[in-house]
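Next come the chains, spelled out residue by residue.
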Amino acid sequence: MNYSSELIKGTLKTIILKLLKDNSRMYGYEITQKVKDLTAGKIQLTEGALYPTLHALEADGILTTETEYIGKRVRKYYSLSSEGNKVSDEKVSEFADFINTMKFLLDIKTDIA
Amino acid sequence: MYTLTETQIDFILDDIRRNGIELEDLQLNLLDHICCIVEQNLEDNGDFEQFYFSTRKMFYKHHLKEIEEETISLMTYKNYYMMKKIMMISGTVSVALMTMGIVLKFLHMPGAAVGIVLGVGVISFVFLPLMFLLKIKEQNNLKDKALTGLGTLAAICLTLGVLFKVMHWPGANMLSIIALVFLMCLYLPVYFISGIRNPDTKTNTIVNSVLIITACGLILTLVRSPQGTKILEAQITSDYVMKDDLLKSELELSKSYSLPDSIAIVADGKKVFDLCEKMKEAILLSETGNKTIDPNFSTEQQMIGLTDFHQFISDFPQANSAYTALKNSIDDYNSKYAKAGKNIHPLVFETSNDRDFKSHDVLNRIVVMQMFLLQNVRKF
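Protein chains in written order, with my numbering: chain A, 1 to 113; chain B, 1001 to 1380.
Since the hints were made in silico from the structure, they are not lab data. Each residue gets a CB set at the ideal place from its N, CA and C atoms; glycine is no exception. Possibly wrong hints are sitting among the right ones.
Taking lysine-lysine and the BS3-like style, the derived pairs with C-alpha atoms no more than 30 Å apart in a straight line are [said to hold, decoys possible]:
id, chain 1, residue 1, chain 2, residue 2
1, B, K1061, A, K13
2, B, K1061, A, K18
3, B, K1065, A, K72
4, B, K1084, B, K1135
5, A, K13, B, K1085
6, A, K91, B, K1085
7, A, K13, B, K1145
8, A, K9, B, K1145
9, B, K1084, A, K13
10, A, K91, B, K1061
11, B, K1057, A, K76
12, B, K1145, A, K18
13, B, K1057, A, K18
14, A, K86, B, K1061
15, B, K1145, B, K1135
16, A, K86, B, K1145
17, A, K9, B, K1065
18, B, K1137, A, K18
19, A, K34, B, K1057
20, A, K34, B, K1085
21, A, K18, B, K1065
22, B, K1336, A, K86
23, B, K1084, A, K36
Footprint (simulated), chain A over chain B, 3 or more residues, beta carbon under 8 Å [claimed, not checked]:
id, segment
24, 1030-1044
25, 1063-1072
Negatives, chain A to chain B, calculated, CB over 10 Å [unchecked claim]:
id, residue
26, I8
27, M26
28, T32
29, L54
30, V74
31, F98
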């Protein structure tokens, strides 16, 4: 099952920031592959959503970049700035809180076993 | 794993550019991304072109350019709301400051100028430029943007022009003229013609044009016409000539009972009188080009104008020293003779610091003082 794009859109920033927190530096394709692997293909980031978000986060100073030449092409690696580290934590804890609220709101019974 | 050739990489980059991706950063990111996908998923002997186009298709709904548009909108989104907020706040602040300034001005209380200057300053340099930037974001073609820019520029010149006029700063007329010419001769015709052609904007265009013309018309009705200035100057000049005539005839009369200079008040009075004459000559010279005015002056020649007195003495150091000498001699005269119990009229020569204080006001006050000088001698 693939999740709807609205669901992904609201969590994309959180996903990117958490991944970069765990993996110090990543490039765009790597991020999409990592998400696909970790979720067994349930979440597939689209390029049309990923890159605009990456660029916006960079413009906000949350991400820093370094470029490397891979033969003829250039690869742009993203990593968290010091502010980005803070934002990453905030986003993850905000989302955790959100999940709890949603569970309660939608009356979802979690399977403890 | 497929290995891309340099030609293929160039092909992909060209294709990305051709499809409307202009941000270099984004071009490079997409290029690397597509290369990765091709390298990971295409078999060694696979069809590159076919695979490439089917991969590219997954990136967008309608056009590849969507990614760039989304990027730009995300990057400016935050700024946009911040700018809008600042525009609202600056608008409110400037209106509040201006209102405060105008109320204080009418009450003749201090702080009026500060309020007005800050209020107009904020509206000219914060509110209007931000309004322009936000407005052109919504406009797509260059003509509309240029028109908005022109309108904003004219509005800024207009607000500053009025401010300069009120504050008596130099350049006020120039700013107002630029603003009105921009508005009436450039902005309005283009705005009107382009707006009236479109049925959707027709009514709005007519209403706005009427408002602009009315506003400019009202401003122009407040401006004195060149002919009006001439009439006013002729009045001022003939007023002065009349008073000076009176002084001359008084001077003639006073000769019949002239007292010797050995009497102190006569000598001191003459000293002040002469300094008065010098001051008058200096003012008349700068106003009319002659030291005296012919009683039968014609309105064709240069008349006494509307120069600010303080501007005049700061422009001419000689006039300033004549002014200082005159003030000192008057103080001296008053302290010596205008004491209580004596029948001597003190000489009053207050030059207000008000910027509206004109040179012709000073001329008139000097003549009155000279009359008193002559009368004081007679009383003695």
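Status of each hint after checking the structure:
1. Pair hint B:K1061 plus A:K13 holds up; C-alpha atoms about 21 Å apart against a cutoff of 30 Å.
2. Between B:K1061 and A:K18 the CA atoms are separated by roughly 28 Å; this keeps the pair inside 30 Å, and the hint holds.
3. For the proposed pair B:K1065 and A:K72, the alpha carbon gap of about 24 Å is at most 30 Å, so the pair holds.
4. Distance hint between B:K1084 and B:K1135 is fulfilled; the C-alpha atoms sit about 10 Å from each other, no more than 30 Å.
5. For a cut-off of 30 Å, the pair hint linking A:K13 to B:K1085 stands: about 25 Å separates their Cα positions.
6. For the given pair, A:K91 sits about 25 Å from B:K1085 by alpha-carbon distance, which is consistent with the 30 Å threshold.
7. Taken as a hint, the A:K13 and B:K1145 pair is broken in the structure, with Cα atoms around 34 Å apart against an allowance of 30 Å.
8. Distance hint between A:K9 and B:K1145 is unfulfilled; the C-alpha atoms sit about 33 Å from each other, more than 30 Å.
9. For the hint linking B:K1084 to A:K13, the alpha-carbon distance of about 25 Å falls within 30 Å, and the restraint holds.
10. Only pairs whose Cα atoms come within 30 Å are accepted, and A:K91 paired with B:K1061 is accepted, the gap being roughly 29 Å.
11. This hinted pair checks out: B:K1057 and A:K76 have alpha carbons roughly 23 Å apart, not beyond 30 Å.
12. Taking the CA atoms of B:K1145 and A:K18, the gap is near 42 Å; set against the 30 Å cutoff, the hint is violated.
13. Taking the CA atoms of B:K1057 and A:K18, the gap is about 29 Å. The hint holds against a cut of 30 Å.
14. Pair hint A:K86 plus B:K1061 does not hold up; C-alpha atoms about 34 Å apart against a cutoff of 30 Å.
15. Proposed proximity of B:K1145 and B:K1135 is supported: the alpha carbons are some 8 Å apart, at most 30 Å.
16. Of the supplied pair hints, the one linking A:K86 and B:K1145 is violated, its CA atoms being roughly 40 Å apart against a limit of 30 Å.
17. A hinted pair counts as satisfied when its Cα atoms are at most 30 Å apart, and A:K9 with B:K1065 qualifies at roughly 19 Å.
18. For a cut-off of 30 Å, the pair hint linking B:K1137 to A:K18 is broken: about 34 Å separates their Cα positions.
19. In summary, the hint linking A:K34 to B:K1057 is supported, as the alpha carbons are separated by about 22 Å, within the 30 Å threshold.
20. As the CA atoms of A:K34 and B:K1085 are separated by approximately 39 Å, the hinted pair breaks the 30 Å bound.
21. Restraint check: the Cα-Cα separation between A:K18 and B:K1065 comes to about 28 Å, which is no more than 30 Å; the hinted pair holds.
22. Under the criterion of a C-alpha separation no larger than 30 Å, the hint pairing B:K1336 with A:K86 is inconsistent with the structure, at around 82 Å.
23. For a cut-off of 30 Å, the pair hint linking B:K1084 to A:K36 is broken: about 39 Å separates their Cα positions.
24. Requiring three or more residues with a Cβ within less than 8 Å of a Cβ of chain A, the coverage given for the segment 1030-1044 of chain B holds, as 7 such residues are present.
25. By the rule of at least three residues with a Cβ nearer than 8 Å to a Cβ of chain A, the coverage given for the segment 1063-1072 of chain B holds, with 4 such residues.
26. Under the 10 Å C-beta cut-off, the non-interface status given to A:I8 relative to chain B holds; the minimum distance is some 14 Å.
27. Non-interface call for A:M26 relative to chain B: holds, since the shortest CB-CB distance, roughly 12 Å, exceeds 10 Å.
28. Some Cβ of chain B comes within 10 Å of the Cβ of A:T32; the nearest lies about 8 Å off, and the non-interface call is violated.
29. In this structure A:L54 is not separated from chain B by more than 10 Å, as the shortest Cβ-Cβ distance comes to only about 7 Å.
30. For A:V74, the shortest C-beta to C-beta distance to chain B comes to about 5 Å, within the 10 Å cut-off, and the non-interface label is violated.
31. Remark: the non-interface label on A:F98 is consistent with the geometry, its nearest Cβ contact in chain B lying 21 Å away (cut-off 10 Å).
The structure shown violates the earlier hints numbered 7, 8, 12, 14, 16, 18, 20, 22, 23, 28, 29, 30.
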